[in-house]
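J.: So you can see what is in the structure, the chains are spelled out below.
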Amino acid sequence: MAKRVGLEVSLACSEAVKLANVDVIAAYPITPQTHIVEHLSELVADGHLDAEFVPVESEHSAMSACVGSSAAGARTFTSSSAQGLALMHEILFIAPALRLPIVMAVANRSLSGPISIWNDHSDIMAERDIGWIQTFAENGQEVMDLTLHAFKVAEDHRVTLPMIVNLDGFILTHVIEPIEMPSQEEVDAYLPPFEPQQKLDIANPISMGLVGVPEVYTEARKAMLDALEKSYPVIKEHWDGFAQQFGRQYNPIETHHVDDADTVLVTMGSLGETAMTAVDEMRAAGRKVGQVRIRLWRPFPSGDFLDAISGAKTLVVMDRALSPGADSGPVATEIKSLIYATGGGPYVADFVAGLSGRDVTREDFKQMVDKAEAAAAAGDPMTFEMWGVKE
Amino acid sequence: MADEGMQSWKTLALGCAMTEPGTSRSFNTGDWRGRQRPVTDREKCIKCGACYILCPDMCYSPDTEAEEEGYWIWNGFYCKGCGICIAECPKDAIEWQDEKEEDKYGQACRT
Ligand code: SF4
Ligand code: SF4
Chain E
1 MAKRVGLEVS
11 LACSEAVKLA
21 NVDVIAAYPI
31 TPQTHIVEHL
41 SELVADGHLD
51 AEFVPVESEH
61 SAMSACVGSS
71 AAGARTFTSS
81 SAQGLALMHE
91 ILFIAPALRL
101 PIVMAVANRS
111 LSGPISIWND
121 HSDIMAERDI
131 GWIQTFAENG
141 QEVMDLTLHA
151 FKVAEDHRVT
161 LPMIVNLDGF
171 ILTHVIEPIE
181 MPSQEEVDAY
191 LPPFEPQQKL
201 DIANPISMGL
211 VGVPEVYTEA
221 RKAMLDALEK
231 SYPVIKEHWD
241 GFAQQFGRQY
251 NPIETHHVDD
261 ADTVLVTMGS
271 LGETAMTAVD
281 EMRAAGRKVG
291 QVRIRLWRPF
301 PSGDFLDAIS
311 GAKTLVVMDR
321 ALSPGADSGP
331 VATEIKSLIY
341 ATGGGPYVAD
351 FVAGLSGRDV
361 TREDFKQMVD
371 KAEAAAAAGD
381 PMTFEMWGVK
391 E
Chain R
392 MADEGMQSWK
402 TLALGCAMTE
412 PGTSRSFNTG
422 DWRGRQRPVT
432 DREKCIKCGA
442 CYILCPDMCY
452 SPDTEAEEEG
462 YWIWNGFYCK
472 GCGICIAECP
482 KDAIEWQDEK
492 EEDKYGQACR
502 T
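Chains E and R supply the protein sequences, listed in that same order. 1 is the number of the first residue of the first sequence in the numbering used here; add one for each residue after it. 392 is the number of the first residue of the second sequence in the numbering used here; add one for each residue after it.
This is chain E alone, in the form it adopts within the complex:
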């Protein structure tokens, strides 16, 4: 039995990166990610982690340095949040295009304005299409586990793509939780040293990041897309391997009481745990409510998702970001298009909730379910609502 320690979730992330024995960390501090990189910087400075810590002058430089170090064959980690992630934007597309297995923890936070340091998913939704594999953690243990898994998947030669672990700012990053810490030996057995599939090497020179003229660009994007799609079975395989070794099983889509559920709540990230409690309470009150938690956001596990909701009459999707001008939030938009392709499917109600760290309680989830079921029964147009907005 691994040791259980009380640890701030940010530090659990840093400790996972230390256990992964990274070679290079290039990062710029930003709330609420700060403790992750601060602790890593201490670990390096104090000699507990034999790595280069590159204290860059901006996140644009952080991601650029990560691209360089990963291209040179170093196991590379960074972390950011909100405005910082946005400042990385143009380089984020380059990492998967060059097939560089960088791992990044994103401490999810709302984008300004107004200026906000609190948690929602507007930062990562703005980076939805960068081509990175993306997972979402719901608690501190998952942050630790998904970080180790990220290195394993990203560096697998069947994948060779960068990977993001999303963890909600403050709700996770600044909370102390009991965490099972694996030993170095256990992690070494799970995660072998990084063997780059291709790297910059003066003995065997190659060029990376060249121009893709119109005759090449489409094919290059297709090859990247193909790699992202083919990462799906490897992501699952390494979750299964993780379960064998550490005893905790993860799945692309996690389900809770879905089998006979008429109404299914769809969540992503830490509020899934509050929703789970709400579902348990509704179940205890005799209501056929279930829950689906999206753990793997990219590549989206469409088949798993459709299987999980196959019996549902109503979906209650919780979005934690706006897609201004669209008819629903980013998660619901995606789910609706997926369901449309099946030629039938449940009624989809979308609630944009918990913007900028505003609490979403069990009672809120119950009210969402009530509202969605009533709208579905009345045959109203599919709802989209900014939950709790003060009129």
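In case anyone wonders, no lab produced these hints; they're calculated from the structure. Treat the hints with caution; some may be incorrect.
Unchecked claim - Distance windows between CB atoms, simulated:
hint: 1; chain 1: E; residue 1: 90; chain 2: R; residue 2: 487; range: 55 to 63 Å
hint: 2; chain 1: E; residue 1: 222; chain 2: R; residue 2: 415; range: 40 to 48 Å
hint: 3; chain 1: E; residue 1: 90; chain 2: R; residue 2: 413; range: 25 to 33 Å
hint: 4; chain 1: E; residue 1: 201; chain 2: R; residue 2: 415; range: 43 to 51 Å
hint: 5; chain 1: R; residue 1: 415; chain 2: E; residue 2: 358; range: 52 to 60 Å
hint: 6; chain 1: R; residue 1: 457; chain 2: E; residue 2: 89; range: 35 to 43 Å
hint: 7; chain 1: R; residue 1: 415; chain 2: E; residue 2: 325; range: 37 to 45 Å
hint: 8; chain 1: E; residue 1: 129; chain 2: R; residue 2: 445; range: 54 to 62 Å
hint: 9; chain 1: R; residue 1: 423; chain 2: E; residue 2: 222; range: 22 to 30 Å
Only a predicted model underlies this, so the values are computations on that prediction, with no experimental measurement involved. Cβ coordinates follow ideal geometry from the N, Cα and C atoms, glycine included.
With chain E held as given, fit chain R with the ligands onto it using these hints.
T.: Below, chain R with the ligands without anything else, positioned relative to chain E:
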């Protein structure tokens, strides 16, 4: 679009890397040129080499076959038709000349 120079996505190197050195030599930037090419009048040329130095695609190289040494010979495979050599030649020795598609890569400036 004609598929000249195209390659199946399945055969691209990982991350679209270039694994062979020097491949820009075989990259046809002459294809970008319109139906005009820069042609040098050697009566006016003082062999200063500005065209050789300033051409962004290194189209000019020493003309070793000319009777008199010091002249520069143009390569239509690389000339993208930017006109820099024409603008920069201190003697206005280079001018646009209409060209036919069939002799696009032929020699243009030996006189
Ligand atoms: S037109 Fe431009 S590319 Fe062509 S030879 Fe002159 S400088 Fe070079
Ligand atoms: S720039 Fe003009 S003068 Fe100078 S070498 Fe070229 S053609 Fe001759």
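J.: How does the Cβ-Cβ distance of residue 423/R and residue 222/E compare with 22 to 30 Å: does it lie in that range?
T.: holds (24 Å)
J.: Has the hinted range 55 to 63 Å been met by the Cβ atoms of residue 90/E and residue 487/R?
T.: violated (38 Å)
J.: Determine whether the Cβ-Cβ distance between residue 415/R and residue 325/E falls within the hinted range of 37 to 45 Å.
T.: For residue 325/E against residue 415/R, whose Cβ atoms are near 43 Å apart, the range 37 to 45 Å holds.
J.: State, for the Cβ atoms of residue 222/E and residue 415/R, whether the hinted interval 40 to 48 Å holds or is violated.
T.: violated (24 Å)
J.: Starting from the hint 54 to 62 Å, judge whether the C-beta atoms of residue 129/E and residue 445/R obey it.
T.: violated (41 Å)
J.: So does residue 90/E sit 25 to 33 Å from residue 413/R, Cβ to Cβ?
T.: Hint holds: Cβ distance 29 Å, inside 25 to 33 Å.
J.: Within 35 to 43 Å or not, the Cβ separation of residue 457/R and residue 89/E?
T.: violated (53 Å)
J.: Is 52 to 60 Å respected by the C-beta to C-beta distance linking residue 415/R and residue 358/E?
T.: holds (55 Å)
J.: Do residue 201/E and residue 415/R keep their Cβ atoms within the hinted range of 43 to 51 Å?
T.: At 20 Å between Cβs, range violated.
Violated hints, listed in ascending order, are 1, 2, 4, 6, 8; each of the other numbered hints is respected by the structure.
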